[in-house]
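Colleague: Here's the letter readout for the chains.
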Amino acid sequence: MTVAAREVGAKSGLARLLRLPRTRRSGRRQHASGWLIALFVLPALALYILFMVWPFFGTVYYSLTSWDGFAPTKDFIGLNNYQVLLADPDFWEALSHNLIWAVVGTAAPIVIGLPLAIILWSGTRFRLVFRSLYFVPVILPVVVIGIIWGWIYNPLFGVLNTLLETVGLESWTRGWLGIPDTALLAVLATAVWATFGLVVVFFLAGLQGIDLNLIDAARVDGANAWQRTRHIILPGIAPIFTFVLTITLVGAFSVFDIIYVLTRGGPGTSTEVLAGYAYKMAFSRNYAGYGSAISMVIAILSLTFAVVLLRYRERRRADG
Amino acid sequence: MASAAGARHAPDGPRTLWAWSAAAATAKYAFLGFWGLLCLLPMILVVSLALKDPLLDTGNPFQLFSSIRLENFSDAWTLGNFARYFLNTVVIMVPTVLGVIALSTMAGYALARFEFPGRGVVFYLFILGLMVPFFSLMIPLYYNLRDYGLLNTPWAVILPSIAGAGGVGIPLGVFLMRAFFLDMPEELADAARIDGASEWQVFRRIMLPLAAPGASALAILTFLSAWNTFLLPLLYLAGEQNRTLATGLLLFTGGRTRELELTAAGTLIMIAPVVLFFILFQRQFIRGLTAGAVKG
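Those sequence lines, one after another, are chains B and C. Each number in our numbering comes from the position in the first sequence (counting from 1) with 7 added on. Each number in our numbering comes from the position in the second sequence (counting from 1) with 161 added on.
Treat the hints loosely; a few may be bogus.
Claimed, not checked - Just a few of them, taken from the derived set where beta-carbon distance is under 7 Å, the chain B residues facing chain C:
no.	residue
1	Ala45
2	Val143
3	Pro144
4	Asp264
5	Ser291
6	Phe312
7	Ala313
8	Val315
To be verified - Computed list of chain C residues with no C-beta within reach of chain B, every gap over 12 Å:
no.	residue
9	Arg245
10	Leu248
11	Glu276
12	Ser322
13	Arg354
14	Asp356
15	Ser377
Said to hold, decoys possible - One side only, chain C facing chain B, incomplete, derived with CB under 8 Å:
no.	residue
16	Ser297
17	Asn305
18	Ala326
19	Phe413
Hints are computed from structural coordinates only; laboratory data are not their basis. Here the structure is a predicted model, which is why all the values come from computation and not from measurement. The beta carbon of each residue, even a glycine, is placed where N, CA and C say it ideally should be.
Build out the structure end to end from the sequences listed, making use of the hints.
Modeller: Below you can see the structure in the form of structure tokens.
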């Protein structure tokens, strides 16, 4: 990083946020010809701008219009879509499902994944076998996950109901995905099943950075397993913890596919989330403008959480 | 790095640090095993269903391995149209992987090793792509693709996937490859320059071969993402003749009980390449996945 670039970086808010990487090894960059640099950067930049940046600005613009997806003109209506949105009970219900998703879908994989990672790291037989097993759901296509869990929740022959009957809990059997009371939790459980392995792998990667001598020393000093976990392991994986928190929390505001595959947002609106509502409005009801306003809410929520968590991470890193 | 996990603690690593009693050890393996089984059993269920003979077996379809009929796979492949879905998925996956690798490697190299005005802005623009959810561009992208004449062609999935709309694309690729090139020693390149190599030759002959491990990790992530991608073909690739494995299988979702064995066979056809890749390249895969997290 040259001095000039670092100064520019230090001034911009985004740079503070993401922290410009400080001097790396050589710290020296080559002055190649403009053509060569253009050849290297422009193809990637062009595709990225055309298919990511430009449509993003399209969403901002659409959300300020009443466009129906067909009309030749897009009528500018200011913030009207957002006003309608704030008074739309379906919007609030969808948002509440995203919030439930954010809490449960973040907490459950961590509560399951962190102990598993610590046990695997602290040494056990077949650790690679276990790690690979936990990772199987992570690599499965979401459609496949949906098909399998559709069978598991099947009201007639479903594996879950059969299991409950076998252990004498007939009264608990039900059509899990067909009842508004249980549908959201059933879909969430599937999502947790599909993600906890990823959390295990991330925590395992973070645990590799912990100095084992420190743990040995703590043991010699009489610290028990809980104290070692609390004072050495948890602080040691704090950066990874924030990272996991960031991807699961931010992901919760744009959850869509597993819900679409399992319930299409139903029964009724009991599993509808923001992304599904935006999809429905834009592509089933042709409210491109209104759907875009919902999309903007998703973008604002995701970016806000991402920025807040990244800043928190930076602050911790600066303190540490 | 996660892949080095096993080797580093042996033989007297933390194993000795935790003094497990016999009861604690039992509890430990019960806990590990419970979650392992929970991951494994649904897969066994799929295999059992895919082997079921619907004529012999009319009872509970979820009875494990009550009959064996291997023709289900060929039926799914031909009658179930999975040959077509498979081909369509390959047609999308191959250009996506090649595009992401080529473009990310070059842009990542330029951002790591060249000095040029606007370098910081370009880098942060790419990084922003890691944080922007797909849903905040999904609607205009539909109409853009329609206006470009790409809608309902494989390019409607390939190009946005390369750009990063599908999750793993240029933004993640540039981020990973840039970090990879930053860590490379400059001395080799200097030696080549003294021998009269141009900047292009330095990249092509010296740096690119050294970047192979990073590029292969990225390739595996991109392959998985492109193979499994579901939302992009759902939105931008309509029509039976265009269906990919993901959108083809979508027809069978919702737990309907008809033609269970063909659905299960189709499911296995879709995940076979993924599982094979994972078994072969688990190390690179997990390294690629965790590189960004650990480095930050």
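Colleague: If a hint holds in the structure, say so; if it does not, say that too.
Modeller: Hint check results:
A distance limit of 7 Å between C-beta atoms decides the matter here; for Ala45 of chain B the minimum to chain C is near 9 Å, and the interface restraint is violated. For the restraint placing Val143 of chain B at the interface with chain C, the shortest Cβ-Cβ distance is roughly 5 Å, inside the 7 Å limit, so the hint holds. Given hint, Pro144 of chain B at the interface with chain C, holds; its Cβ is 6 Å from that chain's nearest Cβ, closer than 7 Å. A hinted interface residue such as Asp264 of chain B counts as satisfied when its beta carbon comes closer than 7 Å to some beta carbon of chain C; here the least separation is about 6 Å, so the hint holds.
Residue-level restraint check for Ser291 of chain B is violated (minimum Cβ-Cβ distance to chain C is 12 Å; threshold 7 Å). Taken as an interface hint, Phe312 of chain B does not check out: its beta carbon lies about 9 Å from the nearest beta carbon of chain C, beyond 7 Å. Checking Ala313 of chain B against chain C: minimum C-beta separation of about 5 Å stays under 7 Å; hint holds. The closest approach between the C-beta of Val315 of chain B and any C-beta of chain C is roughly 12 Å, which is over the 7 Å cut-off, so the hint fails.
No beta-carbon of chain B comes within 12 Å of the beta-carbon of Arg245 of chain C; the shortest separation is about 16 Å. In this structure Leu248 of chain C is separated from chain B by more than 12 Å, as the shortest Cβ-Cβ distance comes to about 17 Å. Not every CB of chain B lies more than 12 Å from the CB of Glu276 of chain C, the least distance being 4 Å, so the non-interface label is violated. Residue placement check: Ser322 of chain C does not keep its beta carbon more than 12 Å from all beta carbons of chain B (closest about 9 Å).
A beta-carbon of chain B comes within 12 Å of the beta-carbon of Arg354 of chain C; the shortest separation is about 9 Å. Every C-beta of chain B lies more than 12 Å from that of Asp356 of chain C, the closest at about 16 Å, which supports listing it as non-interface. Under the 12 Å C-beta cut-off, the non-interface status given to Ser377 of chain C relative to chain B holds; the minimum distance is some 17 Å. The beta carbon of Ser297 of chain C comes within 3 Å of a beta carbon in chain B, closer than 8 Å, and the hint placing it at the interface holds.
A least Cβ separation of about 6 Å between Asn305 of chain C and chain B falls short of the 8 Å threshold, and the interface hint therefore holds. Annotation: Ala326 of chain C was flagged as interfacial toward chain B, and the flag holds, the nearest CB pair being 6 Å apart, inside 8 Å. Evaluation of the Phe413 of chain C hint against chain B yields a held restraint, the C-beta minimum of about 6 Å falling below 8 Å.
When each numbered hint is compared with the structure, violations occur for hints 1, 5, 6, 8, 11, 12 and 13.
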